[in-house]
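Trainee: Mind docking these for me? Both chains are given alone in their own frames, and the hints should help you get the complex.
Residue numbers (my numbering), protein chains in the order written: chain A, 1 to 312; chain B, 1 to 287.
Any given hint might turn out to be false.
To be verified - Listed next, the stretches of chain A that the computed footprint assigns to chain B, with coverage defined by at least 3 CB atoms under 8 Å from CB atoms of chain B: (1) 66-80; (2) 87-94; (3) 104-116.
Unchecked claim - Pairs of lysine to any residue residues, derived as SDA-like cross-links and limited to a Cα-Cα distance of at most 20 Å, are as follows: (4) K137(A) / G134(B); (5) K78(A) / R89(B); (6) K137(A) / E85(A); (7) K78(A) / Q228(B); (8) K78(A) / R271(B).
Claimed, not checked - Pulled a few chain A residues facing chain B out of the computed Cβ check, cut under 8 Å: (9) S52; (10) L54; (11) R147.
The hints are simulated quantities; they were obtained by calculation from the structure and are not laboratory data.
We treat Cβ as the ideally placed atom computed from N, Cα and C, and that holds for glycine.
Each chain, letter by letter, is given below.
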Amino acid sequence: MTGVAILTSGLGRRFGDLEAVAPLDLEVRRGEVLGFLGPNGAGKTTCTRMLSTLLEPTCGSAIVLGHDLEAGAEAIRKRVGVLTEQPGLHPRLTPREHLAFFAGLHGLSRPGRRIDAQLALLGLEEHADRPMAGFSKGMAQKVALARTLLHQPDLVFLDEPTSGLDVDSCRVVRDLVLELRRRGTTVFLATHLMDEAERLCDRVAIFRHRLLALDAPEALRARFGGQRVAFRLDDVPGDLESVLREVPWVRDYAWQGGELLVRVDQPDLRTPDLVGHLVARGARVRQVRAATATLEEAVLGTLGIAPAGDDA
Amino acid sequence: MGWLLWREALDLWRNRRLFVGVIVVPLVLAAGMMPGLLAIVARTEQAVSAQVQVMRVRQELLGERVEPRSQKAGRGQAGPNPVALLHPRLANEPAGRQVLWLIVLVSLGYITIFPLVLPLTTAANALVQERTEGTLEPVLATPVATHELLWAKVLGASLPPVAITWLSWCIQLGVAAHFLGWPAVRDVLVTPGWVMVVFGGAPAASMLVTLVLVLLSARIPDARAAQQWGALVVLPAMGLQAALLSGAVRTDGVLPWILLPWLLLLWPAYRMAVRVFDRGAILALRR
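Isolated chain B, as found in the complex (with noise of 0.2 Å):
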């Protein structure tokens, strides 16, 4: 098994397109987008905080009475507060802080989609890609037990993708402890139900998405086409994510239950994956 992961790493680490897609572009996208975004939103929230300060300056010597620009927009217009929906921790949260809030808890739901469309690009790869190139039968031809070979795939396609979903959910905490202070970021995103989705979720979801593509390997001749195939499959749960995004979902309490299901279903997608992975079978699918 040592050996399988060792050169499923090495192929992962030398294919450089695999590489950037799996690896990079998602890391770039955890690092750079959301503090980014919070840099420039907490910067044009301290500016207009000073434009408030000096309209009361002015109203003060002037008799002036003049409103920011932000404040006559917003009168009005009385509407479902979006960050409050999320968390109900954060409806007590000043304006300024509820718009931080909002692009945080967005780009951590990104994150959480990692886990369920990187595994299609590795899957592929190690699965359809191997048994079409021919290097899969050399392999089967060794002593190495079917499941031995069926886990170090499985492994070897669904653990970058987890390591990137926790490395970039690290990252993502520091960055926002950074703008909204630690205390509060404990409050709202260290809670059982964001931990379970980040930790327990993301391999469950993982290790589906594999699997998934194992059962699919066994009809589907191209990586590419498998890869479309297994966006298919997932989009259900990509449905669900976009639900927890819109706010439709909330995160507490009742998330852990809408992950039981995939938890479930990794036992008999495991099952038919072994059938379908059988050294006697295999070799006789399609190409």
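The shape of chain A in the complex, shown without the other chains (with noise of 0.2 Å):
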């Protein structure tokens, strides 16, 4: 178990008649940041709370750090750390009382290093003895951030930790992340931003309340994303649709962003034959490129949505 952070096993929430999360079997291997993507309202918060300990589920059971979740949930608790969808600070305290209270409910004693050290790191100190009432959405987060790290967890769990902040927050929130990668801490990332996904993310699993997908963010653009030809046209064949049919191993296409793409089945055979095709039916083609699918292409695509912008 040395090498697994969380291993669920049919692990699942039902609200009423609601199932937000199917049973779900997933592992997180120790060390390693894991996206867990998904739509808003996909179940992605339920997850991260049942794993936290912070809500029962209706069914299975996980293993998180070694402890069982039911059993062992005030042991899991003093080993991981929570970024909760809302920072939840209380306004009239500052950031150094406030993480003076949550160093005492982890029973960290003489934590007033640790809080100075945090208070730099996300650069509060200036801050760090004035009520938090006034703070903007990007200072609350990284509050949030310095409590959730303060007492040096295993085991982080992110809830959409850049949602709602500008560039240079955001840009922070990534560079903690990625240095809790590098220090070995497991962070299990729950968010709806691709970019943020395939950036940060040794693995993605895209969710919408069951697994759809768990693997590499360039393995799952390859796979889910497709291989595809971009073609820039000038004379576009009246009948594009019935000119691209008769081609047995193209698999669909789409324009985007004035672009011509066409899913084919091995490209790099395929190409010179498809221009040839085309050319033949009356196109002139102005470039051609291959084309790489985004992660959020992959992701849309397993979620079976139509990515924006899609003519077709």
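Mentor: As structure tokens, this is what we get:
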């Protein structure tokens, strides 16, 4: 079990008739950053809450950091840090008081130096003794992050950590996640931001009430985004759909940003034939390039959602 | 637990609206209302006594037959003496002192309402508002035990009203002793019944109201609505207070028995609150 941070077996949660999380089998390795990707309302927060012992599952079981989710809940809570969706700060407390309060709840003795280090790490020294009532969302999120990492957890749950933040605050959060990865801390990152997942995560789970896919971002791109060829055409045949349908190895096509994206089997072999076919049907081909699917396209493809800008 | 109570205290101290409503206003009422009324009535009583003396002198010197207005007004109006209803020992007190006693007893009756009313505000703030503002979730993610958290919430919400009740009680006893003399005050007010009401009943009532708010917070997502529903729940107890003030219930002997059901309700209310406050369930509640 040493290499596994989280292992779930049929873990699920229902709210009345609604199945927020279908029985889930998931393995998160120690030291990895796992992106938990899905649209809003997909059950990511419910899943995060179950794994961090904040919500009882209605079925299944899980082992978190070697402890059973139910029997070892207190032991789990000592070793995990949870950044909740809302920062959850007490507005009348200062960041220093807030951190001292949480250090006390975690049973840290003489936490002064550690609090100072966290405040410095997130650039909060200047605001450390001001009540948090007037803090911006970015500042509040930094304090919440400091609180999450204060007791140096082995596993960190981050629920939408950059949601609603400005560019600078996003960068701070992302740098921190990379620093955690460097230190070997396991990070469970629930997000709906593909770019964030692609940049930060070793593996990505695509989730909408159930686990739809789990792999490295590049593998997901290749598997679900498909292999495509992008054309810039001057003259487009009027019956483009029937023209492309004549070719048996063309799987589908879409217009995106003025380009015709054609998904084909074995693009390295088929591209010259496809160019010849289009030209023979009256198209003037100005540019051809191999198109790599983005993680967003892979995720949307997995979720069965057409990407924005698709004209087909 | 200490850290949780520290945060509750700090929040009460810095939340101006809460501090004024729960600490300042009750203390001003306790320290201002009764002493003010007693001072006015005592001065009136002195003036009436002086008027009676003047009339007696004039009667002797001039042979006039004049009665003070207050005696004229009281003539022929027989009815139950409200002060004697509140405490039988007071039936033998002079009329002027009986008025002072009435003020003292009514004011003390008001103070006993504090542990019923003030926790509605503190508990709504500590429980419902915290859950709706998302500040509870990070606390639940720490190793603190559910019963510790619940106790901290219950004590944090119920101790300030209890402290205010006790402080107000002491202030009013002092003021009453100033106007009526300590031996009389001791005989009438420092009785087992009153001591039990103030030092046993107030904490019990305050904690019970807080636990009721815990139970209500499971269903009510808004702090103000929780306060209003909580006020409905404490209405029967307010009725008891009204009965005490009107003399329908005597303060000696009977009172401890009236408190018994309150004390007996505490344990089941606590058990139910523990279930509602359970970590695995509380975040699943409607916001």
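Trainee: Taking the hints in turn, state whether each one holds.
Mentor: We went through each hint and held it up to the structure:
no., hint, in the structure
1, 66-80, "holds (count 5)"
2, 87-94, "holds (count 6)"
3, 104-116, "holds (count 4)"
4, K137(A) / G134(B), "14 Å, holds"
5, K78(A) / R89(B), "62 Å, violated"
6, K137(A) / E85(A), "12 Å, holds"
7, K78(A) / Q228(B), "38 Å, violated"
8, K78(A) / R271(B), "26 Å, violated"
9, S52, "6 Å, holds"
10, L54, "6 Å, holds"
11, R147, "7 Å, holds"
Hint compliance for this structure: hints 5, 7 and 8 are broken, all remaining hints hold.
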